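Colleague: This is what each chain is made of:
Protein chains: 4
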Amino acid sequence: MTDAAAYRNPQEPCFDIAHLAHVEVLTDKFEESLDFFTRVYGLTETARDDSSAYLRAFDDYEFATLKLTRSTTTGVGHIAYRTSSAAALERRVAAIEAAGFAGEWVEGDLSHGRAYRFKSPDDHDFEIYWETNPYQAPDDQRPALKNLAQRYHGRGCCPRRLDHLNLLVRSVENFRDFIVACLGSRVTEQILLDSGQLAGCWFTVNNKTYDIAVTVDHKQASNRFHHITYATDQREDILRAADIFLENGVHIETGPHKHAVQGTFFLYVWEPAGNRVELANAGARLILRPDWQPVTWTESERKKGQAWGLKTIESFHTHGTPEVE
Amino acid sequence: MTDAAAYRNPQEPCFDIAHLAHVEVLTDKFEESLDFFTRVYGLTETARDDSSAYLRAFDDYEFATLKLTRSTTTGVGHIAYRTSSAAALERRVAAIEAAGFAGEWVEGDLSHGRAYRFKSPDDHDFEIYWETNPYQAPDDQRPALKNLAQRYHGRGCCPRRLDHLNLLVRSVENFRDFIVACLGSRVTEQILLDSGQLAGCWFTVNNKTYDIAVTVDHKQASNRFHHITYATDQREDILRAADIFLENGVHIETGPHKHAVQGTFFLYVWEPAGNRVELANAGARLILRPDWQPVTWTESERKKGQAWGLKTIESFHTHGTPEVE
Amino acid sequence: MTDAAAYRNPQEPCFDIAHLAHVEVLTDKFEESLDFFTRVYGLTETARDDSSAYLRAFDDYEFATLKLTRSTTTGVGHIAYRTSSAAALERRVAAIEAAGFAGEWVEGDLSHGRAYRFKSPDDHDFEIYWETNPYQAPDDQRPALKNLAQRYHGRGCCPRRLDHLNLLVRSVENFRDFIVACLGSRVTEQILLDSGQLAGCWFTVNNKTYDIAVTVDHKQASNRFHHITYATDQREDILRAADIFLENGVHIETGPHKHAVQGTFFLYVWEPAGNRVELANAGARLILRPDWQPVTWTESERKKGQAWGLKTIESFHTHGTPEVE
Amino acid sequence: MTDAAAYRNPQEPCFDIAHLAHVEVLTDKFEESLDFFTRVYGLTETARDDSSAYLRAFDDYEFATLKLTRSTTTGVGHIAYRTSSAAALERRVAAIEAAGFAGEWVEGDLSHGRAYRFKSPDDHDFEIYWETNPYQAPDDQRPALKNLAQRYHGRGCCPRRLDHLNLLVRSVENFRDFIVACLGSRVTEQILLDSGQLAGCWFTVNNKTYDIAVTVDHKQASNRFHHITYATDQREDILRAADIFLENGVHIETGPHKHAVQGTFFLYVWEPAGNRVELANAGARLILRPDWQPVTWTESERKKGQAWGLKTIESFHTHGTPEVE
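Protein chains in written order, with this note's numbering: chain A, 1 to 325; chain B, 1 to 325; chain C, 1 to 325; chain D, 1 to 325.
This is chain A alone, in the form it adopts within the complex (with noise of 0.2 Å):
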């Protein structure tokens, strides 16, 4: 394991994962979440099989970037990455192989092809692949403009796009070190402590601030889920959904705030089997930088709270899905 304070990212970027391209999350309250996901929160239903609705965003390419599937607990399922192309497949595979983390070809779901499926240090499920199967918007769907994947259609939040995740891992360190090597992510920001550990890190696979971010699991318990989140195209977008929980009667956890941590403007909640599921807008910030290092923030500095000082909220340390004891 790398030393936490010395850290660097590689100079030579690596380019083989596109882009975040879904989650599954667990419900025990399918009906519930569903209702959330689509009336409250603003996703689209696109398919629905036996365990799962394929929910997206309305300007998501993708066919489903959130599957919800009907499970006796909570959490996350598995998260998927979708490759560059066909070759950087391989070259993924082979290079997830080659650092230990084995794992087999899968089918693929309704909203794209065969994946590779293996697991982090912490048991959660990850799979990259190249095929896929791009969302057609149905007559009723389609978009005035043409740029647009689906119509806006102004339901609940309508947020744009899916941004992140974040996952409770027993080591900072582990995860990070099976990242870098599985996805060749790279590390924009981290939270070290007094300690020399990290308590938290953020990743990127390509010029967004960051598409997936794990916190120290205070239970130390696997596989479990802190949060997903969705992107707004404004602020004004999250402070408007704030009323839109409220009315719904929405548990709002913490927020409309800023994070010091990324800058990304937030609004947490909790769908109604208990997943944390967030808002957020990064503005116009992006990470263009190819020789990116990690900022690093100490544990005093993060003592300050949000980046308006608003001070972290407990249960943000100690509620993921699911529950554990």
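Just so you know, not all the hints are guaranteed correct.
Copies of the same chain look alike in the list, so a pair counts if it fits in one copy or across any two.
[Unchecked claim] Listed next, the in silico DSS-like pairs over lysine-lysine satisfying Cα-Cα at most 30 Å (straight line):
#, residue 1, residue 2
1, Lys219, Lys311
2, Lys119, Lys29
3, Lys29, Lys304
4, Lys146, Lys119
5, Lys219, Lys119
6, Lys304, Lys146
7, Lys146, Lys311
8, Lys146, Lys303
9, Lys311, Lys119
10, Lys304, Lys119
11, Lys219, Lys29
12, Lys304, Lys219
Since the hints were made in silico from the structure, they are not lab data. Note that the structure is a prediction, hence the values are computed from the model and not measured.
Starting from the known structure of chain A, fit chains B, C and D onto it as the hints suggest.
Modeller: Only chains B, C and D this time, still in chain A's reference frame:
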């Protein structure tokens, strides 16, 4: 030349070029232009040499993204992109030379190291480089949040970062073939006339929806400039900027409104020397899809005007810098 | 008739009229208009009788602020203001009769008690009333915050409250003298032509910048309607509304942009029957000054177009409802 | 004293007082406070005399809305309202004297003519006046649009106008009876404790939702000040202001967030001398209803925190100026 209607982006994206890095703009009213860009538009001057002022937006990581150069004319000096690595620079130089656009190595200026400079079919000067001189905020510009390049100073329109530029060209097809060959850019959107010729084309080298656009120069002159654009975090920043421009006697050409092409929220003004300058906001829109294919707008579709019906202003088709008879 | 240029508001403001209360709009496409106003524009239907649907914005305290009436034509039915008290109603009736605009008492409709109805010089029907039937939110419309009249439903454009209306008149001076005499309105802004005649005038009875405006009817017809307007909380709500209108095939006439007169941020569309409908945002602008005197815009000042230079669209001068030859 | 729960506004509104006109704030760090209010908060200094700087927001019509006075302490100097007419001033003086709050005539200062000054039950100095000295913009402050009082200068947070103030009082009921009797204010919202006592009350003399609020002083001291507030046009102005405060080292106490009471979007900071200063945006919310009755919040309702669940910060209940043991 490829048939415009049939043009397809290659399936394997090229990642050698990281991002648009800076643009040199010429002015024959140096003091007035500098006052506009710093006090009104809200850039920061980081250095000055005999001929030029080096300017940057508050979250540009580079030393300068706009080099404002004292001149007897107006328009664009040169356009620079930074590569993804030192090796990528070598690969690109080889590709440029193989494509018949060979140029020469130049020394660089205050903001970066040696660069390879070459000409477009319309005599626009392009350069690519790897070695750079990132901005180091002096004490009075140090941000409260360490993940910003410079403090949010709030002066003038205060955009976040360089976004894109637009050039006038004699043949959009020729320019496209040039930039695809030289930079590995991808076409994200294009306007195809009934005649079978392109009227405009938008390109990107990364996840931004575009970093350069070209439109046909109705004067069929060479080396002409349409506009340079910085990105704001929110659309509200642009509405506010409109009042700032109004109060400062800046000529507002058109906007604020939303482009149909690319969906960008825009505002165009002319700086004192006549160069067109834009503020733009793309919301959360990104091109994440690795196999993105061009969105083609027909002549009749473009006749509908901008996204919400605003007719494209006549001067948008006639005014470029330098002015020609 | 007072000389327009010399017109002064009386030093002692009149407070008998509390606010614009509701507008009756006629439609010859009742179902389509109702669908527009409820699903797209975002009003709520509170009742229906044989001829009309009663509609309201989410924070209107009244039962209805828009009475949409099935008709063989389009335009305005009647315009209602609520008085400040029962005694104020009596005072106003006396003033109206003294000024030569005597009308008659009518019974009121579902939304309020008896009203005094009288005609403007252009045959527009006005009414004033005191006794009202405030909105009582049913269980499914009860707001989460008890200081709202109805829950923030977030459907369609979802404006907060009725703002103002605009009528076409043959003589602005005549209308001004009428409304000043009858309602005690004050002139906040006006457009004075070089000919010495008024082209438009904006009036208020309270701290709003205007609740009614009139402009010259170039057709010199009677009882014509220019538009009705609801207020949004933020300008961003109007930018969002533009996308909603676009996706729903609503004709966007002009905007979003900012008026020079009154500084209102605006968006104009035509509902299915052709009546012009606006969304507007005045920011924090109010007329608090008790001795406010009219701001007079000259013909040459108005030729500069709207605040940020947008030329006033031609149809704004020609389209009114009902259409006349 | 009227029973708080049963308090009803009179049916006949009083219109003698037009609006809150200015507030005098005391500072024992005059230079730092002045720098804060002009450079960071974005007011304009219009004059200075031996003891005070006269400050205004860009669209205040008055010469000054904040009189910043050099002092050995902090807190509020006096609070001024302008009447609706000369006659209304006489009526109010008679009412004040009849209610047992007789004061005396004072000469006025640079911003207005003679005023009647009187004390609240908690020794706060109030004054009312009619004759005023409206702001005349000098050439360099003349607005591009003639309906603005001053140009939109865009410096600092740049709020539009004075909005309201908040005082600490020993008895909310006593203050209510005072202000209702003296100014004819109406109660728009109030917080009623289980004990039957009021914890806070919001008042208005016009269509604004409130121009003064009072909350219980837990120290039971006299003449204490909670905060002064200016209004911004948009919520985005407040989000932007948060970054300006952050970069200028201003203590952000709480926000941006939305109050449950009155629904105001808020941000509270402490100016260098410790006085609390707010920026607020009410959207399009107004009190137009002439027979508006108080909205009463119970103790348990207020325990839910602010509109979107933010807990009210502890210092909001403890910090006032001047500080007392």
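Colleague: Would you list, in rising numerical order, the hints stated earlier that this structure does not obey?
Modeller: 4, 9, 10
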